[in-house]
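Engineer: Read off the chains here:
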Amino acid sequence: MPTKKEIQDLYFMDARFKLLEIASFLDRVDRHEGEADFRHPAFAKALAAMQNPPEGTTRAQAVHLAFSDHSSEPAESAGIQFAFGAHNEEVGS
Amino acid sequence: MKYIEPHAHMVSRTTADYQAIAQVGCEALCEPAFWAGFDRASPQGFFDYYRQLTEYEPARAAKFGIKHFCWLCINPKEAEDPVFAREVMAMIPEFLDKPTVLGIGEIGLNKNTKNELAIFEEHLEIAKKYDQAILIHTPHLEDKLKGTRLIIDALNNADVDRSRVIIDHVEEHTAPLVLDHGFWAGLTLYPESKCSPARAIDILETFGMENIWMNSACDWGISDPLAVIKTALEMKKRQHSAEIVEKVIYDNPKKFLSQCPNFKL
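Heads up: the sequence lines are chains A and B, in that order.
Residues in the first sequence are numbered consecutively from 1300, following this note's numbering.
Residues in the second sequence are numbered consecutively from 1286, following this note's numbering.
Here chain A stands alone, though its shape is the one from the complex (with noise of 0.2 Å):
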């Protein structure tokens, strides 16, 4: 298995740049007009779980955690067709 200096080699630079897309992006909300939805708080859940994932959760299941519907009931009617990407807690499920 590959060591952690190997692991950085090859993955180093892929994830800088996906950290400056993070960043930009967060900065085009921030600077353009309007009002953002459900998603931008959802985000930053995200973001803060990944900093500190729960005892027993990866970095990755806790960002999927953050994003996730936690109900347990099925819903009456599927409303949309699609999935924004984050759970709207305004809605529920």
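Please note: incorrect hints may appear among the correct ones.
[As the list claims (entries may be wrong)] Straight line, CA to CA, 25 Å or less: simulated BS3-like cross-link-like pairs of lysine-lysine:
1) B:Lys-1515 / A:Lys-1317
2) A:Lys-1317 / B:Lys-1522
3) B:Lys-1549 / B:Lys-1539
4) B:Lys-1532 / B:Lys-1352
[Said to hold, decoys possible] Which bits of chain A does chain B cover? Going by a derived footprint, with three or more residues having C-beta under 8 Å, they are:
5) 1362 to 1373
6) 1379 to 1386
It is worth saying that the hints were derived from the structure and are not from the lab.
Bear in mind the structure is a predicted one, so any value in this text is a computation, not a measurement.
Cβ coordinates follow ideal geometry from the N, Cα and C atoms, glycine included.
Go by the hints and put chain B onto chain A.
Structural biologist: What follows is chain B alone, placed relative to chain A:
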């Protein structure tokens, strides 16, 4: 490098894609019935689709030396209207005797609704009645965790043979749920959602190389028919042996699919 593509929607792809995957070692390909990017207007549209899956695509694949198999169902996205869905499901048994049909799939959930769940459970009854293997689609993005839990509950209630069920499109948060319950898991490699090659390999390294396969699920959307072989090359960069790579991209899908009487290489 020989491999099996266990999940691809070739009705949406060009013949050049068959040529490309044949050139990099694809020996067999499995095509689950799915949503074609638009809702079909009548059940008869599915009759034509099932003929395409069982007659036309096997012939198109054979020109490149690829064996083509399929799974049949009405996909969850078109299952929100249960009357329509049941009319389509009534046609499935007459196609189960076709020589390249593997089982029932890709059934599952899309928006985790009561109607989707009812039709999913009725598909499970068809699979049990005709002794068919099952391939399951899990919902997208924020709906995946809840949908995977609902699907596992329904499978437990239906008392199916877990070794003949694969739950597809798992990610970091759902892979352990699926594997710990004794089902097979599928990793889908997409450029913009689901898993990248690097993350798919992370999941393999974290949760093990048993009872899991990788697929491109290439369809009408942004997807890559060469995703499996590209991930195999990424595994080599991550210092996985040729034997382990072959296990994941060939031996594992062969092991699961060999439980389907019609799967013959």
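Engineer: Look at each hint and say if it fits the structure.
Structural biologist: Hint-by-hint comparison with the structure:
In summary, the hint linking Lys-1515 of chain B to Lys-1317 of chain A is supported, as the alpha carbons are separated by about 20 Å, within the 25 Å threshold. Annotation: proposed proximity of Lys-1317 of chain A to Lys-1522 of chain B holds, straight-line Cα distance about 20 Å (limit 25 Å). As the CA atoms of Lys-1549 of chain B and Lys-1539 of chain B are separated by approximately 9 Å, the hinted pair is consistent with the 25 Å bound. Restraint check: the Cα-Cα separation between Lys-1532 of chain B and Lys-1352 of chain B comes to about 19 Å, which is no more than 25 Å; the hinted pair holds.
Counting residues of the segment 1362 to 1373 of chain A whose CB lies closer than 8 Å to any CB of chain B gives 9, which reaches the minimum of 3, so the coverage claim holds. Here the segment 1379 to 1386 of chain A counts 8 residues with a CB under 8 Å from a CB of chain B, which clears the bar of 3, and the coverage holds.
Checked against the numbered hints listed earlier, the structure breaks none of them; every hint is satisfied.
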